[in-house]
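Engineer: Each chain, letter by letter, is given below.
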Amino acid sequence: MAKDVVIQAEKVSKEYRLGVINHGTLYRDLQSWWAKVKGRPDPNAEISDLAQDASHTQRVFGDHFKALEDISFEVAQGDVIGLIGKNGAGKSTLLKVISRITAPTSGQIRLRGRVASLLEVGTGFHPELTGKENVFLNGAILGMAQKEIRNKFDQIVEFAEIGEFVNTPVKRYSSGMYVRLAFSVAAHLEPEILLVDEVLAVGDANFQKKCMGRMKEVSQEGRTILFVSHNMTAINSICKEAIHIHDGRLVDQGETSAVIQRYLDSGQVGTNGVYSKNPEELKGKAVIFRVAVLDHTGKESGTLELNQGFSVEVCYELREALSGLSVGLQVLGEDGYTAIYSLPDPELEPSRLETRKAGRYRGVVKFPPCALNTGAFYIRAGISSSAAIYSVVEGLRIEVHDSVGIIQMVGQSRKNSISALQLPWQVETI
Amino acid sequence: MSKGLPVKKESWEIVIAPRSKVFALDLGSVWRYRDLIFMFFKRDFVTTYKQTILGPLWYIIQPIATALTYYVIFGKIANLSSDGLPPLLFYMSGIILWTYFSFCLTSNSEVFSKNSSLFSKVYFPRLVVPISVIMSGMVALGIQFFLLAALTLTSWLNDNSLVFHLQGILFIPLIVLHIALLGLGVGLIVSAMTVRFRDLVFAVGFFTQLWMYGTPVVYPYSQIPVKYQWFFHFNPMTAPIETLRSVLFGTQGVPASVWMANLGITLFLLFLGTLVFTRAESSAMDTV
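Those protein sequence lines, which keep their order, are chains C and B. Add 83 to the 1-based position in the first sequence for my numbering, that's all there is to it. Add 1164 to the 1-based position in the second sequence for my numbering, that's all there is to it.
Hint data in this document are derived by calculation from the structure and do not stem from the laboratory. Hints should not be assumed to be uniformly reliable.
Computed footprint of chain B on chain C, listed as stretches where at least three residues anywhere in the stretch have a Cβ under 8 Å from a Cβ of chain B [to be verified]:
| no. | stretch |
| --- | --- |
| 1 | 181-189 |
| 2 | 206-217 |
Each pair of labels, with its calculated beta carbon distance range [to be verified]:
| no. | chain 1 | residue 1 | chain 2 | residue 2 | range |
| --- | --- | --- | --- | --- | --- |
| 3 | C | Asp237 | B | Glu1177 | 27 to 33 Å |
| 4 | C | Asn289 | B | Leu1221 | 44 to 50 Å |
| 5 | C | Gly305 | B | Phe1310 | 51 to 57 Å |
| 6 | C | Leu506 | B | Ser1447 | 46 to 52 Å |
Glycine included, C-beta positions come from ideal geometry on N, C-alpha and C.
Excised from the complex, chain C in its bound form (with noise of 0.2 Å):
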């Protein structure tokens, strides 16, 4: 059975250049100009100290990052592929480039059919309009003809759950109704190739089963569909074939859920809770080389309880006195981008000016029972100054469970929040 390839990627590569060549502003230009006729160090060189570690020096030459690097690979009609890999793997740059919104530095991309791209819900919605003019506003900036959208427009508005809300400015919803309109008039998008990047972690759970239902439905139509997304219970449910990318590389595809069993694997998502490299092997002036989530018993474990403590714990060497740095930790949502906390290191925090000396040191930070609800998270560590990142570990991930049946005990369900803090309510008649 010989279907038809509708995408073709042909040693794509996408580079972007860093600090240095250009800073956006024509001022800055001449301040990075005149240091250089001084002899001085340019004062808006940044992040080429970035991340030295080994795993991406390969992406980091001179000042250009490569982003994506020879990608090749052929989709053919009426296929599902899920995108994975870790947070900067470029997965989302494939997308934006395959959509036209970026251009590729060398190679080239094929298509055949329309595309259209969802790398967010409500692109264009216009706080003032009302939900239906937005209806027609977003479905025009998403290829739609005025045409489609009219047909289409009952069948969107009953998906989204909204009602009589629909003349209603959109301002004025909630932003459970807005998120609804705006996925609604995406899912009525019918394109032959549809690429969709982790949009579907919107909204409550049951209108996340209902998208991801309507997206199954869309994949049965025929339609081709490339699909990013950190949820790869979603991304297994729903793609046949899966591409795994990291750093940049396409390094494994094929059936979809032995791709995920080798990613998990590789131990770049590890739940084991560490991250450990021999700090000899780093290169820098500041490298992290150990981040571990310890459990409450002080072992390491990617598998924490609900009602205990942890912490985390993130050493770093220092190889020579470096001024104003902050070592930070944050905690990120299972979609990989939503920081739920942001600790940066508090003793430099006041001032960031003093000196710290080379050597070698260990942070620890400790969270209380219950700082987050039950789910997936993950860890991201990292060093920088106000001119420089020095070392950026992330990608850490950790599950929290509930074997206890805490919440349940509290006679409740599980509540969709992010932390689960049990604060005391004070009541008093008045």
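Starting from the known structure of chain C, fit chain B onto it as the hints suggest.
Structural biologist: Then chain B, alone, in the frame of chain C:
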């Protein structure tokens, strides 16, 4: 995934490649997105006029206040000629055209920065936005033409000797089109440059101001000493403004050579603008 599947024929509809072609203007795709042009126009119209009463009123107050100021400063104090027209009418006709031009120019020069959140998430031919901008500006201009009509009537009631050619109205669409294309062209050039130099946006307002004083808005072309008249061949805003006054009120206007030169420059700038804009659009989102 279908490795090694025979590709039937090279009938790809879209080929995405690094920008290599010097001039890759695809007017066909702009035409396919004509609904979007209209939707953007409608959005701008609705958001400006539906929510505020002051919105449309502002388009009336602004030219009146400006015309009065010019009347006092340039008419009374500096004693500049108004080409035999009632001063307010003279200034008003120049102001509304200039306001439209400066709107087109400044709005279009900010196309990438104002729309970055949109442009970084979805593809459509970027030219759609500037085209809808020049259309949106025409609404305000239309309102101001009514103001000009009212002022003409008042002036005529005051002084019956005022010359007015009704058929001159037929030229207005051509004059407006010339200005729209010029504003589009220059705006596109600036917007392509702001992709590289964001701080250029601040210079645009100042530059537009200077340009106005180099244009017969507050003074007539007929007052320019002959030895300086060559300059106006190179200012493509000269002909539209002077011609509006001449076709409506029978002033002297500009010689045909100025007309031709202005038109040539406008078309050149439009071509150049579209060229640099389409070149910039594929990489704009990497830097903005």
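Engineer: Now tell me if each hint is right for this structure.
Structural biologist: Against the structure, the hints:
Restraint check on the stretch 181-189 of chain C versus chain B: 9 residues with Cβ-Cβ distances below 8 Å, three needed, restraint holds. Closer than 8 Å: that is the beta-carbon criterion, and the stretch 206-217 of chain C has 6 residues meeting it against chain B, so the requirement of 3 holds. The hinted range of 27 to 33 Å is satisfied by C:Asp237 and B:Glu1177, whose Cβ atoms lie roughly 31 Å apart. The hinted window of 44 to 50 Å between C:Asn289 and B:Leu1221 holds, with their beta carbons roughly 47 Å apart.
Our hint of 51 to 57 Å for C:Gly305 and B:Phe1310 holds, since their Cβ atoms are close to 55 Å apart. For the hinted restraint 46 to 52 Å between C:Leu506 and B:Ser1447, the CB-CB distance of approximately 50 Å keeps it satisfied.
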